[in-house]
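> Note that the protein sequences, when read in sequence, are chains A and B. Residues 761 to 1046, numbered by our numbering, are exactly what the first sequence covers, in order. Residues 298 to 1035, numbered by our numbering, are exactly what the second sequence covers, in order.
For the record, the hints were derived by calculation from the structure and aren't laboratory data. Glycine included, each C-beta is placed from N, C-alpha and C at the ideal position. There may be inaccurate statements among the hints.
[Unchecked claim] Mimicking DSS-like on lysine-lysine, the simulated pairs with C-alpha atoms at most 25 Å apart in a straight line are:
id: 1; chain 1: B; residue 1: 697; chain 2: B; residue 2: 595
id: 2; chain 1: B; residue 1: 486; chain 2: A; residue 2: 1016
id: 3; chain 1: B; residue 1: 697; chain 2: B; residue 2: 890
id: 4; chain 1: B; residue 1: 409; chain 2: B; residue 2: 678
id: 5; chain 1: B; residue 1: 416; chain 2: A; residue 2: 780
id: 6; chain 1: B; residue 1: 914; chain 2: B; residue 2: 1033
id: 7; chain 1: B; residue 1: 914; chain 2: B; residue 2: 1030
id: 8; chain 1: B; residue 1: 416; chain 2: A; residue 2: 1016
id: 9; chain 1: B; residue 1: 600; chain 2: B; residue 2: 678
id: 10; chain 1: B; residue 1: 714; chain 2: B; residue 2: 600
id: 11; chain 1: B; residue 1: 678; chain 2: B; residue 2: 476
id: 12; chain 1: A; residue 1: 1016; chain 2: B; residue 2: 1030
id: 13; chain 1: A; residue 1: 780; chain 2: B; residue 2: 409
id: 14; chain 1: B; residue 1: 890; chain 2: B; residue 2: 693
id: 15; chain 1: A; residue 1: 780; chain 2: A; residue 2: 917
[As the list claims (entries may be wrong)] Stretch-level coverage of chain A by chain B, calculated; a stretch enters the list once three of its residues show a Cβ under 8 Å from a Cβ in chain B:
id: 16; stretch: 936-945
id: 17; stretch: 1019-1027
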Amino acid sequence: MRYVVAKDSREVVDLLMEDKANLLLAGGTDVLVRMRLDERYPDRIIDIKKIPGVAEITEESGGFRIGAAVSGAQMGEHSQLKALWPGVVEAVELIGSTQVQGRATMAGNLCNGSPAADSVPAMLAAQAVARVEGPEGVSDQPVLALLDAPGQTKLGKAEFITSIFLPARPNLAGDAYLRFIPRTEMDIAVASAGVSLVLDEAGIVIEASVALGAVAPTAVMVSGAAQALIGTRLEAAPLQACAAACAAACSPIDDKRGTIEFRTKVAGVMACRAAITAYQRAGGQP
Amino acid sequence: MSKQEFKILGTRPIRPDGLDKVTGKAMFGADKSATGMLHARILRSPHAHAEIISIDTSKAKALPGVKAVITGADFDDVENRWTRYTMQNCMAQGRALYDGHAIAAVAATSKKIAGAALKLIEVEYKILPHVTDVDEAMQPGAPLLHEGVKARKLGDDVSGNTVGYYSFGHGDVDAGFAKADEVIERRFKTAATHQGYIEPQACLADLGADGRGALWCTTQGHYMVRETCAEILGIDASQLRVTASEIGGGFGGKTTVFIEPVALKLSQKSGRPVKLVMSREEVFRATGPTMSASMDVKIGMGKDGKITAGHARLRYQGGAFPYNMVMMGAMSAFACYDLENVQSEGWDVMTNRPKMISYRAPGAPMAVYGVESVIDELCQKLGLDPIEVRLLNAAKEGTKSSYGPRFKAIGLVEALKAAKAHPHYSAPLPANTGRGVACGFWFNFGGQVSVSMAINTDGTVNLIEGNPDIGGSRASISMMAAEALGIPFERIRTIVGDTASVGFSDVTDGSRVTFAVGIATINAAKAAIRELCKRAAMIWEIDEDAVEWVDGTARPTGHNAGDFPPMSLAEIAATSGKTGGPIAGHHEGAPDKAGVSFGVHLVDLEVDPETGFTSIKRYTAFQDVGKAIHPAYVEGQIQGGAVQGIGWALNEEYIYGADGRLQNPGFLDYRIPVASDLPMIDAVIIEVPNPGHPYGVRGCGETAIVPPLAAVANGVAQAVGVRLFELPMSPPKILKAL
Ligand SMILES: Cc1cc2nc3c(=O)[nH]c(=O)nc-3n(C[C@H](O)[C@H](O)[C@H](O)COP(=O)(O)OP(=O)(O)OC[C@H]3O[C@@H](n4cnc5c(N)ncnc54)[C@H](O)[C@@H]3O)c2cc1C
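Put together the whole structure using the sequences plus the hints.
Structure representation (structure tokens):
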């Protein structure tokens, strides 16, 4: 096994083009654990952390570009980012422990392809866009378009993510992420929800997006749930409709972590609670 | 027994093993290496039950770097059947009896090569029907684990997997139920739980062709390891020197061997030292968890809260080999109460699961969970205060216990009264919150013990004992030695000697060490004091019995009183070379008056009605410990037991698929509580001295895991108004019940 520190993104693409079992390394909090557990080692590990700019958070057109090697801890310490997208940051900060936070990245969380990845529903709700670099050059792709199946993404051969963009948003906006785990930390989401809302001056929801995690092969956008919230102040009836839409969107598995019945019910509960938090963050009073 | 005054006991000196542990200097099981050492790995069965048709190790042996490969065929039969079970659990012979059962082992120059070699071993299995559930395993016609081991008293209504039957009690339970105003009978199920020690089993073995060997391992009893391994390997116990490493948790799980005979055999075969360290997955699949249980509990109560009769039927599943632990459950079930009519029966059952081993108060938590749940339900139904009812029925000095003997001085009533008076019990309860109460009991043991104490010429003391320190015993033992000798704690260093350094000692279990080693230490100190007095007499040229020992000094007494200034231990020791040589004391014995211990736990918990998530809000544990030698350690024991019990109640379980394979062999899906899951556990120490110990010590390590299962279940029942009869009460189960 060889370990290569890539100098720039071009080198990453070139290395990925070679016919070898390559593995990209960002924080390594999935990569290293998996290598140890499965005892399967790639031919080559390509570390992307030293690519210029990739470990930085930069302001761009009122939003923020998060480099692919930015750690959860870095995001948590960035007060403007936190003010703009508190839900995304709280989702990233839920990943692992303090130690894991020092390394784990949002891009790695996405590319690991877990249906239960915490930052993904929050990114979906935020309509985050990934910057992808590959043999064909650079392109911007919605995070949603990259979701594929457990353990894989739609990234093509020799493509990788250099950054993720969280867009600008109006004043009366807020987002939130909530997950259900049987403990209080160090666990995997059994069902989770990211919600982003924009309100008008009267406190009525004018834009909404709702995404769920851990209840289908990938995180899912639930437009029915978003629709249920638009035009309301999150009264009981729209929340109930939101929960029902979430339940309908679930196609979870029955496993040791939770039954189908449980996941379906709890996904709606998480969505409604996240919606209420997002609403309050947007300045609304439910 | 009147309260004694102590100088050192009851204080909280800094733990002597603390610095090494926090700086990483302490040597645990996996920390030792040797020149020329090989690394071993074990191939494990992927099947719950299978005949091993053939094992072809030729390709593995041919792999460069591989120095030895062994299978069950490398072990000769042993005479003692219990040792044979242990051996066959370490390495299968003929049949794989559970998912994870060891089939073969390799020693190679690196862990990686050993791992590659495992993949080259070809095993042909014939898959057999399996059973992992206790009730199914008891059914006649169930897949049989072993022939000819069925408990003799049992009939055809149970299968040959039923290896033990016990019954305890007195009075006439039917007559008692007839007198009751209310009778409730419930069926309960509890999952198998693992001790969850953080340090996996690990050892370094070195056994020469001459039958001389050394073994370093993480264990709760290195003499037990020595004797078991010597028997399995066919060598003399004297030739195998076993050293216990620092231990990263045991909780009963390290009271047997799982890997040591394998490492020794590989070392013998390769002629090299062999290191064997289990992975976490192996720990879950192949070491012993505790039993799972299926139980029927029936209790009758009068309107006044008096229990008229109690009957418990306990069916425990203990894995793939005969065992006998349900007895402890049957004995403990009703031990908290003074009952006229009581019976508890227990059945030990084998299944295709890893062989059980002790886990903190083995057998008691589940039985008591059943009993304390039914009592709680009766209290609810009759509108009675749960502590008042328990006080009305509580066992006290003189009570004929449900398992036979009469209790000496015990502290259940004191613990219940303390709980009742505690601000926790009267604090207001918010919505969706419930308060659970439960009692618990544990026997505590004495057992064989050896202590050797040397007085150094600078006035310091070295003490060697033979019990691995799993809960702070080195501190407590030094404190008792200091108290007995009358010198400062800091002057004493206690170490755990290896099997060649000090006499035999039983395993560290049964909360016995502070009690038993304590007695041996006090007696060793007395022996040393006799010698110190003799030397002083010699120096003063007076009669030996004209010297007494007061506050760490020898003083002339009787008609010599005041003739000479007192001589300190240090002064006498300084000249010991001229007065007859080194001064020492030792004691060997088997103290048997360990006092039983009772606890009462109070828990406030909140259940999220939309997710079934339970959060523990407040927890107070009251326990009679006789005498708390080092109260901080005692509180730690009480807190630790409570936490393990909370995990058992809420989330911990061995999950088996229909294929009989364990689905959650890791800490991600085997959920022990994490720190943020818990409030500070408030430990309230009650001291009703044990008349069987000079300082009043009772064991305190195990009782605290007994009450929490029922305390949490009773709290949940109160919070949500629905009672669950199965543990763990994980969120999906609670939500379903709502
Ligand atoms: C103790 C512990 C607790 C954890 N808890 C959680 C949790 O609560 N929630 C959760 O969601 N996850 C959790 N995880 C998983 C993990 O920490 C996260 O998925 C993390 O975000 C991964 O980021 P990373 O930078 O460490 O990824 P890496 O391990 O470096 O990479 C992950 C995967 O993505 C690929 N990859 C990385 N970067 C890129 C890129 N820029 N472009 C394309 N592919 C890329 C890698 O090749 C690899 O396949 C936990 C892990 C541990 C060890």
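> Hints first: check each against the structure and report whether it holds.
Structure-based check of all given hints:
Only pairs whose Cα atoms come within 25 Å are accepted, and residue 697 (chain B) paired with residue 595 (chain B) is accepted, the gap being roughly 20 Å. Between residue 486 (chain B) and residue 1016 (chain A) the CA atoms are separated by roughly 18 Å; this keeps the pair inside 25 Å, and the hint holds. Taking the CA atoms of residue 697 (chain B) and residue 890 (chain B), the gap is about 17 Å. The hint holds against a cut of 25 Å. For the hint pairing residue 409 (chain B) with residue 678 (chain B), the CA-to-CA distance comes to about 62 Å; that exceeds 25 Å, so the pair is violated.
Between residue 416 (chain B) and residue 780 (chain A), the direct Cα distance comes to roughly 24 Å. Compliance with the 25 Å bound is thereby established for this hinted pair. A C-alpha spacing of about 23 Å is found between residue 914 (chain B) and residue 1033 (chain B), which places the hinted pair at or below 25 Å, so the restraint holds. Distance restraint check for residue 914 (chain B) and residue 1030 (chain B): the Cα-Cα separation of roughly 20 Å lies within the 25 Å cut-off, and the hinted pair is therefore satisfied. A hinted pair counts as satisfied when its Cα atoms are at most 25 Å apart, and residue 416 (chain B) with residue 1016 (chain A) does not qualify at roughly 28 Å.
For the given pair, residue 600 (chain B) sits about 10 Å from residue 678 (chain B) by alpha-carbon distance, which is consistent with the 25 Å threshold. Distance hint between residue 714 (chain B) and residue 600 (chain B) is fulfilled; the C-alpha atoms sit about 22 Å from each other, no more than 25 Å. For the suggested pair residue 678 (chain B) and residue 476 (chain B), the alpha carbons sit about 17 Å apart, so the restraint of at most 25 Å is met. Proximity of residue 1016 (chain A) to residue 1030 (chain B) is assessed by CA-CA distance (about 12 Å); at most 25 Å being required, the pair is judged to hold.
With a C-alpha separation of about 22 Å, the suggested pair residue 780 (chain A) and residue 409 (chain B) falls inside the 25 Å cut-off, and the hint holds. Using a Cα cut-off of 25 Å, the hinted pair residue 890 (chain B) and residue 693 (chain B) holds, with the two alpha carbons roughly 17 Å apart. Our distance criterion of 25 Å between C-alpha atoms is met by residue 780 (chain A) and residue 917 (chain A), whose separation comes to about 12 Å. Requiring three or more residues with a Cβ within less than 8 Å of a Cβ of chain B, the coverage given for the stretch 936-945 of chain A holds, as 5 such residues are present.
For the stretch 1019-1027 of chain A, the stated coverage by chain B is satisfied: 5 residues place a CB nearer than 8 Å to a CB of that chain, which reaches the threshold of 3.
Checked against the numbered hints above, the structure violates hints 4, 8; every other hint is satisfied.
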